[in-house]
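*Asks:* As given, the protein sequences belong to chains A, B and C, one line each in that order. FYI, in numbering that gives the first Met the number 0 the residues of the first sequence are 0 to 290. FYI, in numbering that gives the first Met the number 0 the residues of the second sequence are 0 to 781. FYI, in numbering that gives the first Met the number 0 the residues of the third sequence are 0 to 155.
Hints are computed from structural coordinates only; laboratory data are not their basis. Each hint should be verified, as a subset may be incorrect.
Okay, derived cross-link-like pairs now, DMTMM-like style, lysine to aspartate or glutamate, Cα gap no bigger than 20 Å in a straight line [to be verified]: (1) Lys648(B) to Asp191(A); (2) Lys267(A) to Glu643(B); (3) Lys267(A) to Asp119(A); (4) Lys648(B) to Glu126(C); (5) Lys33(B) to Glu82(C); (6) Lys267(A) to Glu235(A); (7) Lys267(A) to Glu772(B); (8) Lys561(B) to Glu571(B); (9) Lys33(B) to Asp28(C); (10) Lys243(B) to Asp192(B); (11) Lys14(B) to Glu82(C); (12) Lys33(B) to Asp29(C); (13) Lys346(B) to Asp184(B); (14) Lys318(B) to Glu772(B).
If you anchor each label on the Cβ, the simulated ranges turn out as follows [said to hold, decoys possible]: (15) Met37(B) to Arg46(A): 49 to 55 Å; (16) Asn152(C) to Leu389(B): 40 to 46 Å; (17) Arg46(A) to Gln241(B): 45 to 51 Å.
Quick reminder that beta carbons are idealized off the backbone N, C-alpha and C, glycines included.
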Amino acid sequence: MKLPEVEYEAPTTVAEAIDLLAEHLDEASVLAGGQSLIPLLALRLARPAVLIDINGIDELSGVSAADGWVAIGAMTREYVAEESEAVADAVPLLAAALPLIGHEAIRSRGTIGGSLAHADPAAELSAVARALDAEFVVRGPSGERVIPAAQWFEGYLTTSRRPDELLVEVRFPTARGDTGVSFQEVARRHGDFAIVGLAASLVLSGGVISDARLAFAGVSDVPVRAAAAEDLLVGERPSTELFDDAARRATDDIDPPADLHGSSDYRKTVAAAIVRRGLRAAADNAARGSD
Amino acid sequence: MTAIAAERYTGASIKRSEDPRILTGAGRYVDDIKLPGMLHTAFVRSPMAHARVLSVDVSAALALPGVVAVFTGAELEAMTVPGPDALMALMGWAGPTPEFTLLATDTVRLVGDPVAVVVAESRYLAEDGCELVEVEYDDLPPVMDAAFALDPGSPPLFANLGNNIARLHSRHEFGDVSATFADADRVIDFHIDVHRHQNVPMEGRGCIASYDADHGVMTMYAATQSVHVTKIAVAMRLGMEQDKVRVLAGDIGGSFGLKIGASREELAVAAASRAVGRPVKWVEDRGENLTASGQAREESFDVRAAVSNDGALRGLDVKMVVDTGAYPGMGAMVPDIMEAMLPGPYKLMAMGFESTAVTTNKATYVAYRGPWASETFVRERVLNLIARDLGLDPVEIRLRNVAPRTDPPAVMITGRPLVGVTTRESLERVAQLVDFPAFRRRQAEARAQGRYLGIGVATFIEAAPGPRSPEGPSGPMGMESMRLRLEEDGIVALFTGQMPHGQSHQTTLAQIAADEFGVPFEQVRIVVGDTDVVPFGLTGGSRSATMTGGVALHGARQLKAKVLDFAAYLMEASAQDLLITDGNVWVRGDPASAIAVTDVARRAASGQFGADVDAMLEVEATFDGGEGGWSGGTHCAIVEVDAETGIVKVERYVAVEDCGALINPAVVEGQIRGGVAQGIGAVLLERSAYGEDGSFQSATFMDYLMPTACDVPRIEIEHLETVPLDADVNFRGVGEGGMIVAPPTVVNAIEDALSPFGVRIYEQHLPPARILELIAAADPDQ
Amino acid sequence: MADITLRVNGATCTGSPEARKTLADFLRDDLDLTGTHVGCEHGVCGACTVIVDGRAVRSCLMLAVQAAGSEVTTIEGLAPDGELGTLQQAMWDSHSFQCGFCTPGFVMQATAFLSDHPDAGEQQIREALSGNICRCTGYQSIIDGVLLAAERNRER
């Protein structure tokens, strides 16, 4: 399973990287952590003419918090984000999801930006970004633009990043103090991709849900916000019946794919179960937080 | 010299001699070997399950810089001698014999079927070359299940057979089947399926072939369970004299039955080496290993059981179909072993066994750790289904059915005596180790909270090596040979045809020999892996503990006698007054007389003796298994099933095993735990999946899921070392037992967990989605 | 092909690997360090695990050129003077392994894990090693080796 021949470039600045992307467009693949791309190359499923290795671009790493956002450089390693106090304090849903990504060795190399640019709909980070309305900062020959998560994920392994653009940063909004989160995942084994996953975040104000975010991993070709279920939850007090209703509403609208690991019906059933469990856990966390 | 040491290695968990190199990265596996001028290979493989090959154009591949040669199936046919599969020939197969070429020529019969081999300066370039080989295929309808294969309208995979029958239908009866069923209080019948899964050693198949044209000698560096069987296979296919082939093997990264003889790819590589005149290496990648190396266990059973109201299983009538995949392998032979083993340790009065096997467009059915394991699955499922019908508990139903240990021993309805079988004792011991009443209380409390716990029990026996046959040993496996020699430097060397690939023979055999001979453990060396040097042998069938342990024991004893005769001459004493302990020979009662074994060896090698003195300190020993015997036991699992997601966790696993005397308890326990892990994997995670269109769906570790450290609990093991059968050799094998009995143990537990839903389980693979389907389809009132 | 320089097991090494050559293949083929094993080439089995700049990584998922300027430790680097380290000794004492093919990956992953989590308990160790596949042992003996090493490290 050897990689096919490929040209290799290792720019040291974002500008250089963009020039290369502009030159090669769809013939190039950006090599970040490599934990998703290199297996595709080894299986000869991906055949880029050029690899643009951005590991040498130092300015792309780092976590900073300002103005209600936590900005994470695209090349920030997953383990760095996992160890980051800024992330733990301000983006608890991301902190909850990070340890579930693969295994330690994967997180040693895998990057926040790389994972989100790869946009696997079963990936934990995809669901978190969608749930929190994260913002994706891309830079291209004509400058920088910010893409909200709702527009970032376009299809299976497809984002709205243009071929001559580089994802440089992902921003997550700082969670309010009374937020409770839960990342639920049903996977075949510890560390596997989710068969179905749920990023859930609730804000409780005076015991009433004032904000609800639910995003699924693994139920479509992109991460899916369960908007109708969120609407149902806002303004209500947590209860088993409410969460059951939300679970039904959330799964009414989904038509998950079938594969070796589960049929469409199976995924729907499990999705409903994890909505119930995720909401219960998030509500408990929120209640604890507001004590 | 030191005071007399009463060291006893046998029975102790002596640290392994293998580990210093294993733990420091100094092991030598096939892919670690580099020979001067060595080339690398990759195979062009069919992307389709069944097709005619219309043309193969290698010109673009040959033009790629770094590609040295490309051989098509047709060219390899011309370079080799067609013949039957070596292993099948060795085992005396007399059934339908498909004719096919070494690599595919006019027909491809599975996804991954090799069509051509590219030889290049690196594996990278060889794979590049493969992409440039243009093959034109003409689709044929794929035969993807037994039902279609049995249909005379299915396209035959092999022209010379004219159909897809790999084993002619046969039926045998033992006892009075019709009367037993006619008289039964009840007859239950159902269908059971065991799914396709596979060996998956961490090291795939591979070899280096190095042909020395000057001497006409082929040297193979192999990963194999028997260097001699590989040699036979290579010599036969290459049309070479046996003594012109030498097979060497070093460290091997697991096999579990996969690496026996020589695969079609390895034979092609040998032929390629001869053709290009340079050493040629092939190491399969994981995709090849999962897709094309071979798979196992795809068997289906129509089962009828004659049962009496008190839970006695009086008769079984089983109709079995094996899906043997595309090319001949073990699959067609496995029904014979299953038939023999199906009664297990129980008092069956009658048994009917019918079988057939079919060829399909899937990977070849190969031996996988306990190839006959499905007989235990079927039998242990039957007992649980009966127990459920009659409201009996799983231990009780088995106690009612197990044959008592009598003298003379009870005899299986299929003929073998259950000598020394301690199934009853192992069931009773499990019932002591696992508090069943307490579990049932906890289970009830959990159910009230919507949590589903279950407990499962299963028993097995394993012919490791099996009881002594009244007709004496038979077949190439009936006797074990070993050469033992006291080397000039004082090392006691054991030359064995065993080919350890995780079994720790380097350690265990040395323990036995050291004890028997009287030298320290470090003074024994086990020599394996060179056909020029070791006698015939094969590691497999859970036989080495008895057969090789036995020949090591008796051989060491014989060598010691010879050495004492020589020492007697040196010491001017009588041999029966001499002892060897702690590496010294001395006269009983006179410690000052001691001379080191090392000195005795040196003297013998100095060679200045008259004809009446035998200074050749070497023996050729053989052992026929002595009284042999069974291994076996009872396993018990407690699981929790999440009824909303179908995820199963194995909470507790207990194994009570009897393998007679233990040579090295840590080694025994490692074998058991590894086998159980594979059984858990089979039930919860592993499936070699094909689509109806013939596509192969589990070609990576993302889809073929292996159990990890979070999937396998601590396995509690207790040993019953109860019944010595032989004056000397009471070690029995454990290699396969764990993998044989774990699947029914776990499935029984899952069914117990889901009993409130009325779930009955008639299959072995229970991924989460399937668990939810079973719950949804079940009738709680059943 | 570019020339790269890196430090492997404390020694400076150079090479000119093709860009597409993985670090695993570079270590094995170009540097003759065959202790690192290749089990799947798609980042799942962990047999190829080495330590790069202090972190355990799957060397089949790194290009050799990406290791330029890095400090790499392979299994051969753990006992350079022939004396087994604490973890290796504990694994020997615990009968951790059988065929040995997965061993280098487990040893390197466990080495990295224990240095960050010296007081880890069994469940934590199991999760940390759940990305390494062993087909022979059922894992218990490996876990026992790691627990024993942790205990012995604490006793020092």
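*Asks:* A separate judgement is required for each hint: does it hold in the structure or not?
*Replies:* Hint by hint, here is what the structure shows:
Simply put, lysine 648(B) and aspartate 191(A) have alpha-carbon atoms about 16 Å apart, close enough for the 20 Å limit, and the pair holds. For the hint linking lysine 267(A) to glutamate 643(B), the alpha-carbon distance of about 11 Å falls within 20 Å, and the restraint holds. Only pairs whose Cα atoms come within 20 Å are accepted, and lysine 267(A) paired with aspartate 119(A) is accepted, the gap being roughly 19 Å. Of the supplied pair hints, the one linking lysine 648(B) and glutamate 126(C) holds, its CA atoms being roughly 15 Å apart against a limit of 20 Å.
The suggested pairing of lysine 33(B) with glutamate 82(C) is violated, with an alpha-carbon distance near 27 Å, which exceeds 20 Å. About 24 Å separates the Cα atoms of lysine 267(A) and glutamate 235(A), which puts this hinted pair outside 20 Å; it is violated. Among the hinted pairs, lysine 267(A) with glutamate 772(B) is consistent with the structure: their alpha-carbon atoms are about 13 Å apart, no more than 20 Å. About 15 Å separates the Cα atoms of lysine 561(B) and glutamate 571(B), which keeps this hinted pair within 20 Å; it holds.
Note on lysine 33(B) and aspartate 28(C): the hinted pairing holds, with a Cα-Cα distance of about 9 Å set against a maximum of 20 Å. Among the hinted pairs, lysine 243(B) with aspartate 192(B) is inconsistent with the structure: their alpha-carbon atoms are about 46 Å apart, more than 20 Å. Between lysine 14(B) and glutamate 82(C), the direct Cα distance comes to roughly 16 Å. Compliance with the 20 Å bound is thereby established for this hinted pair. A threshold of 20 Å between alpha carbons decides the hint, and for lysine 33(B) with aspartate 29(C) the separation of about 11 Å falls inside it, so the pair holds.
For a cut-off of 20 Å, the pair hint linking lysine 346(B) to aspartate 184(B) stands: about 17 Å separates their Cα positions. The straight-line distance between the Cα atoms of lysine 318(B) and glutamate 772(B) is roughly 26 Å, outside the 20 Å bound, and the hint therefore fails. Distance hint check: the CB atoms of methionine 37(B) and arginine 46(A) are about 29 Å apart, inconsistent with the given range 49 to 55 Å. Taking 40 to 46 Å as the suggested C-beta distance range, the pair asparagine 152(C) and leucine 389(B) does not conform, at roughly 56 Å.
In this structure the hint that arginine 46(A) and glutamine 241(B) lie 45 to 51 Å apart at CB holds, the actual value being about 47 Å.
Against the hints set out earlier in the document, violations occur for numbers 5, 6, 10, 14, 15, 16.
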